[in-house]
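Full structure from sequences and hints, please.
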Amino acid sequence: MRIIKRLHLFIFQSFLPLFAMTFFIVLFIVLMQFLWKYIDDLVGKGLSVGLLGELFFYAAVSMVPMALPLAILLASLMTFGNLGEKFELTAMKASGISLLRVMAPLIILVSGISVGAFFFQNDVLPRAQVKMWTLLFSMRQKSPEVEIPQGVFYDQIPGYSLYVKHKNQDTGLLYGVMIYDIREAGENATILLADSAQLAFTPDNRYLYLHLYYGEQFENLREQGPSDSNVPFRRESFEDKEILIPFDANFNRLNEEGMRKQYVGKNIAQLRESIDSIALRIDSIGDVYAEGLKGDFDVRFGSDESAMRRLKSRKETVKAASLSLDSLLQREEPSRRNMIYESAAMQARNLSQNYEFKSVSFDDEKRVMRRNEIELIKKFTLSVACLIMFFIGAPLGAIIRKGGIGTPLVISVLLFLVYYIIDNTGYKMARDGRWNVEFGIWLSTIVLAPLGIYVTYKAMNDSALFDKDAWMRVFRRFIPEKRVRKVAYKEVTFAEISANVGKWRLHTLHEECEAFIRKNGKAQSYTVYFKTGMNLKILKTISSTLEGTVSYLADSQDKRVIGLLNNFPVIHTSRLISIGGPEWLRLALMYFFPIGIFVWLAGVRRQRKAIEEVTLTDKVAAQVTEAL
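Take the sequence shown: its position 318, counting from 1, is numbered 318 in our numbering, and each next residue is one higher.
Because the hints were derived from the structure by calculation, they are not lab data. All of these numbers come straight from a predicted model, not from anything done at the bench. C-beta: ideal position from N, C-alpha, C; glycine also. Keep in mind that the hints are not guaranteed to be accurate.
What follows is a set of in silico ranges between Cβ atoms, one per label pair, in the way DEER data are often shown [unchecked claim]:
id, residue 1, residue 2, range
1, Asp204, Tyr180, 19 to 29 Å
2, Tyr38, Ala345, 32 to 42 Å
3, Met21, Tyr180, 51 to 61 Å
4, Glu583, Lys93, 35 to 45 Å
5, Leu35, Ile405, 51 to 61 Å
6, His166, Asn255, 40 to 50 Å
7, Asn267, Glu583, 40 to 50 Å
8, Ile453, Arg349, 41 to 51 Å
9, Lys37, Tyr180, 28 to 38 Å
10, Glu147, Asp123, 38 to 48 Å
11, Lys428, Leu451, 36 to 46 Å
Below, a list of computed lysine to aspartate or glutamate pairs in the DMTMM-like style, where the Cα atoms sit at most 25 Å apart [unchecked claim]:
id, residue 1, residue 2
12, Lys37, Glu147
13, Lys378, Asp363
14, Lys531, Glu514
15, Lys503, Glu438
16, Lys402, Glu626
17, Lys531, Glu612
18, Lys165, Asp181
19, Lys537, Glu547
20, Lys609, Glu511
21, Lys503, Asp558
22, Lys165, Glu239
23, Lys609, Glu547
24, Lys378, Glu514
25, Lys540, Asp555
26, Lys261, Asp432
27, Lys522, Glu612
28, Lys486, Glu626
29, Lys366, Glu438
30, Lys261, Glu147
31, Lys519, Glu612
32, Lys537, Glu583
33, Lys537, Glu612
34, Lys378, Glu365
Spelled out as structure tokens, the structure:
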């Protein structure tokens, strides 16, 4: 028992430092990605170091769901790779300790991390995201620092445009100043020209203070009309003038309450409550719209009740007459007919616009509901992803037996890229309503969980997962080697062949080849390939008939016949020609495009090769028949 405890301690000492190192490295990388994404919203705003540090802290907390699975994958891969490379894992197995027992302490640890990740997603992450997005939106709305360039107009002050010809960097004086007050726009702008000026902020940072020296001010006294040729204006010369321009340079933090109402700021209970309320609202809106649709197509005869009673009393006595709307319209005057057409077209346009508006509002409600459902499911996916990454990384490290940063890092990054691409694709498809929300968010788990089970099974059974010879044997089952037929002339044979029997065999081969080519004249499309595939049984029958015919005719004493027999191809019956197995497996492979495309391309190549071989067989069979 003491040995097992020491073993557990040894495994923890090997894993935890690597996990801490990889976690903070990955977290730093994703944080830098966040920084470069929003760098334009942060630079040039005069933000304090404290505010930036607060933003980066909450951003780092929000990036934990992305960094944690990759850190577990890389740390477990490096840990067991190091143990395998130093033969420590071999020594443990030689002592009777199975791989599962070696992994047991880390399974418990990663399970604890997964449970902690669930509570983190539910309790900590919503608060961090509320803080982060509120800070980021507040920083976006903050006015930029006033840094007026030389020789160009500066338009970052709302309602004003400033031009400075020269700026003294030592004294801060501005020379050749031109100010356009364009708050009223058009030709009513007020223009100030000054020889020099000083720029500063008021103590409360709410106004821009300009002290102008030796200049003029031009201002229209009234707005110019269309017929006015002369508009009075005012011209003022000054030696010293002070103006205040509204410009709030303070940082104003937005209220967090608005962000708390968004899906990113809610826990599981709040998300479920929101989903229920949105679903109820969607049902209510759907009922209202359905009633409206019925009303839009009701035929109305007016509100005269006596007229309606007269119509009802006559409906049984008057015989039904066959009337055509076209004939009724033709009886109307042309002007009246045009008015009816225009009225109908206008009513149709109004109905179309009304339906489009209802469709947009209905889709908005469904989009908000999908966002809440996605956020609810993501509360659970992180915990499952941590477990899956561990059960991929630990067995894979035990198999490859490579420690350090090199090989484990490459494998981890490739696996995580696959995970990220699948997860991001599923998220976008679910967000846009193209896929079911549950399927889209759980897609990465559905794809990678079998890989984790397979790798764990292989590692526990000491299977040679990366053995080159083993993989070559597997590939040869699907991509057979190219074989050349070699039929040698026999000087002495025990039995002479019959030409009639040979022709009958060749005729049978010809009919089988023609039947195959008629049915399978070209390679199959993507969907047909996975749903039906080529008839592999017929191809095997042709191959069997061909080999029997060649074997029979090989005893011929005619050297020309023997030479022609060598022209017969060896027909390959590769499994890629027709995908076998249960229908659900073939359909799953078809819908999983990254793998399905490669399988289909390889299968199409083999199908074309099979068609060429059968065509050549038919051609050579005709030549041998003539030779006989």
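To see whether the hints hold, each was checked on the structure:
no.: 1; hint: Asp204 - Tyr180: 19 to 29 Å; in the structure: holds (26 Å)
no.: 2; hint: Tyr38 - Ala345: 32 to 42 Å; in the structure: violated (50 Å)
no.: 3; hint: Met21 - Tyr180: 51 to 61 Å; in the structure: holds (57 Å)
no.: 4; hint: Glu583 - Lys93: 35 to 45 Å; in the structure: holds (41 Å)
no.: 5; hint: Leu35 - Ile405: 51 to 61 Å; in the structure: violated (24 Å)
no.: 6; hint: His166 - Asn255: 40 to 50 Å; in the structure: holds (44 Å)
no.: 7; hint: Asn267 - Glu583: 40 to 50 Å; in the structure: holds (42 Å)
no.: 8; hint: Ile453 - Arg349: 41 to 51 Å; in the structure: violated (59 Å)
no.: 9; hint: Lys37 - Tyr180: 28 to 38 Å; in the structure: holds (35 Å)
no.: 10; hint: Glu147 - Asp123: 38 to 48 Å; in the structure: holds (43 Å)
no.: 11; hint: Lys428 - Leu451: 36 to 46 Å; in the structure: violated (22 Å)
no.: 12; hint: Lys37 - Glu147; in the structure: holds (24 Å)
no.: 13; hint: Lys378 - Asp363; in the structure: holds (22 Å)
no.: 14; hint: Lys531 - Glu514; in the structure: holds (24 Å)
no.: 15; hint: Lys503 - Glu438; in the structure: violated (63 Å)
no.: 16; hint: Lys402 - Glu626; in the structure: violated (64 Å)
no.: 17; hint: Lys531 - Glu612; in the structure: holds (23 Å)
no.: 18; hint: Lys165 - Asp181; in the structure: holds (18 Å)
no.: 19; hint: Lys537 - Glu547; in the structure: holds (15 Å)
no.: 20; hint: Lys609 - Glu511; in the structure: holds (20 Å)
no.: 21; hint: Lys503 - Asp558; in the structure: holds (15 Å)
no.: 22; hint: Lys165 - Glu239; in the structure: holds (19 Å)
no.: 23; hint: Lys609 - Glu547; in the structure: holds (18 Å)
no.: 24; hint: Lys378 - Glu514; in the structure: violated (57 Å)
no.: 25; hint: Lys540 - Asp555; in the structure: holds (24 Å)
no.: 26; hint: Lys261 - Asp432; in the structure: holds (21 Å)
no.: 27; hint: Lys522 - Glu612; in the structure: holds (10 Å)
no.: 28; hint: Lys486 - Glu626; in the structure: holds (21 Å)
no.: 29; hint: Lys366 - Glu438; in the structure: holds (15 Å)
no.: 30; hint: Lys261 - Glu147; in the structure: violated (38 Å)
no.: 31; hint: Lys519 - Glu612; in the structure: holds (14 Å)
no.: 32; hint: Lys537 - Glu583; in the structure: holds (18 Å)
no.: 33; hint: Lys537 - Glu612; in the structure: holds (17 Å)
no.: 34; hint: Lys378 - Glu365; in the structure: holds (20 Å)
Violated hints, in rising order: 2, 5, 8, 11, 15, 16, 24, 30; the structure is consistent with all others.
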